[in-house]
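Number of protein chains: 2
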Amino acid sequence: MPEGKSLHIYNTLTRKKEVFKPLNPPFVGLYVCGPTVYSDVHLGNIRSNLTFDIVYRYLTYLKYNVRYVRNITDVGHLLDNDEGDDKIEKRARLEKIEPMEIVQKYTNNFHVVTQLFNLINPSIEPTATGHIVEQIEMVQRILDNNLAYEINGSVYFDVKKYSGEHNYGELSGRKLDELLEQTRDELEGGDEKKYFADFAIWKKASEETIMKWDSPWGLGVPGWHLECSVMSTKYLGQRFDIHGGGMDLKFPHHECEIAQSIGADGVNPVKYWMHNNMLTVNGTKMSKSLGNSFLPLELISGDHPSLEQGYSPMTVRFFMLQAHYRSTLDFSNEALQAAEKGLKKLMTTITTLNKLESSEKSSVNISFLIKKCKESMNDDFNTPITIAHLFDGVKIINSINDDKESISAKDLENLQDHYNTFVFEILGLKIEHVNSSNDKLANALMDVIINIRNQSKEKKDWETADLIRNELKRLNISINDGKDSSTWSYEE
Amino acid sequence: MPEGKSLHIYNTLTRKKEVFKPLNPPFVGLYVCGPTVYSDVHLGNIRSNLTFDIVYRYLTYLKYNVRYVRNITDVGHLLDNDEGDDKIEKRARLEKIEPMEIVQKYTNNFHVVTQLFNLINPSIEPTATGHIVEQIEMVQRILDNNLAYEINGSVYFDVKKYSGEHNYGELSGRKLDELLEQTRDELEGGDEKKYFADFAIWKKASEETIMKWDSPWGLGVPGWHLECSVMSTKYLGQRFDIHGGGMDLKFPHHECEIAQSIGADGVNPVKYWMHNNMLTVNGTKMSKSLGNSFLPLELISGDHPSLEQGYSPMTVRFFMLQAHYRSTLDFSNEALQAAEKGLKKLMTTITTLNKLESSEKSSVNISFLIKKCKESMNDDFNTPITIAHLFDGVKIINSINDDKESISAKDLENLQDHYNTFVFEILGLKIEHVNSSNDKLANALMDVIINIRNQSKEKKDWETADLIRNELKRLNISINDGKDSSTWSYEE
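Sequences listed follow chains A and B, in order. For the first sequence, the residue numbers in our numbering are 1 to 492. For the second sequence, the residue numbers in our numbering are 493 to 984.
If we strip away everything but chain A, and leave its shape as in the complex, we get (with noise of 0.2 Å):
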């Protein structure tokens, strides 16, 4: 593949696109931060969850051999900054529960919803609290290196000395002086830490903490961002290809990342760094606080004052990839009801390319069309432009189907791997209604339905005919009367 034509990434730390070299192909090492389980997980990790996915299943497309590490936090993220409870505590509390019951209903909830939206499972999901020792471990390395110190069975890191030697802020571009200017307000009283912008990486436990653990500095818990270097390291070796998550994570979870790597290894641990975008609500940042914030079980039962219905789990899905990961992605009753009718129209039309009949020759373009697909998708998985093509060719099966058009054999088998392909495997869609064991059930006593419909047609027996079609009508089930056969369709 030429140079131009090959998968491009835009990589936050050098705010440009490049062309994709992993570092030891066809191996390709993928770390996406997980949710934080002390409560249900709200729509900004399923858009993060889909980005990564989208990604997965493209480099797998193109046949990288990719190991996928999604973490699962199960303590150490405290509430503001490194003051106040762990948030999976603070929930224990409230719950009365231990906090490892949380996480486990939490992560459980988790996962029936990932299953939900097609996300395909990583290929580890560690957790924080299985990570101890190791974490630990890249504590004390980071001390011996003297870019970290204890204050009271707490250590913290050192920014100031570390950005000393190095450039704290390069993936984020926040200047430490710029920081300051923001958060002298806050810096009054008995902080320990020597300098604003230094965080804990083990924080000492209180009396009432849960769960901690000892270390050389006494009982304490580790800080929130050295999960992830530990635990991406451990997994993927101390540089590896890519590093994901939602753009609020750039600033400090993954800026102190790359401190810690570079603090206890002297390794700067990622190559390529991908940020999705965040969500709003009829252009208003989504946020519990105005209410507009949906959960992701909300939006699928329509069950939320801003929702007019509900959506199914794919068309939230190919609502999501009809906006670039890196744009803002906006929800409106509008635009989930488009894609709804999208979603279906496409579906619609790969029944009609799986059934489609070849002629001699082709009188359309079908590699141009294949082409465009992979070309938007190498552009920075670029899913909105790779749909719009996939409609192009919307057009191209229809006037095939209505005999406008024609296409060969080759020509044709090309096209439904593409369709079935991007559609199915690199975009993630599923059939629904259609692929589970029930609705084998519904499909063949629809089959029967429509025998029994065409006899008493073939018959006149228009009042059976008649009873029939009102009540399909009733249950918005419509049947649509093809060249050999008849195909059905349905709206819950």
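Keep in mind the hints are simulated off the structure, nothing from the lab. It is possible that part of the hints are untrue.
Quick list of in silico lysine-lysine cross-link-like pairs, DSS-like style, CA-CA up to 30 Å [as the list claims (entries may be wrong)]:
(1) Lys105(A) x Lys763(B)
(2) Lys21(A) x Lys597(B)
(3) Lys696(B) x Lys212(A)
(4) Lys588(B) x Lys21(A)
Cβ-to-Cβ under 8 Å is the rule here; a few derived chain A residues that face chain B [claimed, not checked]:
(5) Ser123
(6) Ile132
(7) Trp213
(8) Val448
Every residue gets a Cβ at the ideal spot worked out from N, C-alpha and C, and that includes glycine.
Fit chain B to the supplied structure of chain A, relying on the hints for placement.
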């Protein structure tokens, strides 16, 4: 409830049925040995998990507040006692991937299977790798109590010394001199242990070992028995109510757990030990080498030479519950097919029951039936007897439905409550082919078909009626005409 009627549990430790008296009512701590995630979960795991699923469900029904912990063994399970490779590492080398990828793959698969069989998720599902710090601490406590010794970077539990002060073998009934007799042949060569019955609680890692952690004794891995001691007491307290597992774990695994807890903390950890019995196939032990061992998913698909057909997850669940957990469970096609029929009969009866009409007075004794079901569950969770009582009720329900017996409104409500609680909540069965949203469609379509059928019968349109009958027969769907309406059932 009088003493004789309250819950009794067979306690392996005392070898008798005892009244269940939790340590801190209404709280109950339940720990169950989960799978070693190095290959697909086998049916023995499912039986064990099902056994304690019932225990959990019934204790919850009795209004106990149960914390249910079931572990995932993701490191430390050595192949042959204390020698040889870790099971997961060996598999990782075979599949040429990271050990934690093996762990992830088979943990995910395990969860798919537990969902299929409607097993309730435990409150906490801790992993061995998630508790390395705590395991190292427990080894240290045992060393501090002079009940372990270090040799060449490994730490062994000193069974000889321990058995001088404590009863090693109290759970399993094994005696050290008899064990010595049995193992003498295997004791040749360079075993570094001081005594044949000593077991590793920390094992020095070899050069090739991938998963290893630093410890006061150098790089190593925790012994397999250790994780359960650590995780059960961490989440349930040093002494807790119930520890469950398969009979094959009684010795050495559970025996060693007792020794470790007493050795480290001086506390005999478990009040009630419960062990489920093993599986056989046509009367022969189920084993891979005999080729008569099938996996849960093979049992469902029927894709195994020993299986005449596939059996639905609820058929398998029902089948397993038809044997008491302390009896062996024998798989045969005949028995599974009988269970399939029995389950169908039970489910049909519940449909009948829920539609039953009450009379002024009861001619049947409902409270006796309800009492019998509770008594059998209170008798060491005797599910087969409970199921037999539920079938006694089937006769009564059908008699009422046929107007041969009558039931009062209050009795009917009690009976409906009773069946729905015992069948769905306690035995954990669920209606297959009906619960999902997809089946809503199938149900709606069947309504349409039944409508057409009734209309065609009214019109004496035998051609359409015949078409419907034949088509449904082909699909294994049978319609049962009731007094006022028709129900249908379906075999896949």
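Against the structure, the hints come out as follows:
{"no.": "1", "hint": "Lys105(A) x Lys763(B)", "verdict": "holds, 27 Å"}
{"no.": "2", "hint": "Lys21(A) x Lys597(B)", "verdict": "holds, 28 Å"}
{"no.": "3", "hint": "Lys696(B) x Lys212(A)", "verdict": "holds, 26 Å"}
{"no.": "4", "hint": "Lys588(B) x Lys21(A)", "verdict": "holds, 24 Å"}
{"no.": "5", "hint": "Ser123", "verdict": "holds, 5 Å"}
{"no.": "6", "hint": "Ile132", "verdict": "holds, 5 Å"}
{"no.": "7", "hint": "Trp213", "verdict": "holds, 5 Å"}
{"no.": "8", "hint": "Val448", "verdict": "holds, 4 Å"}
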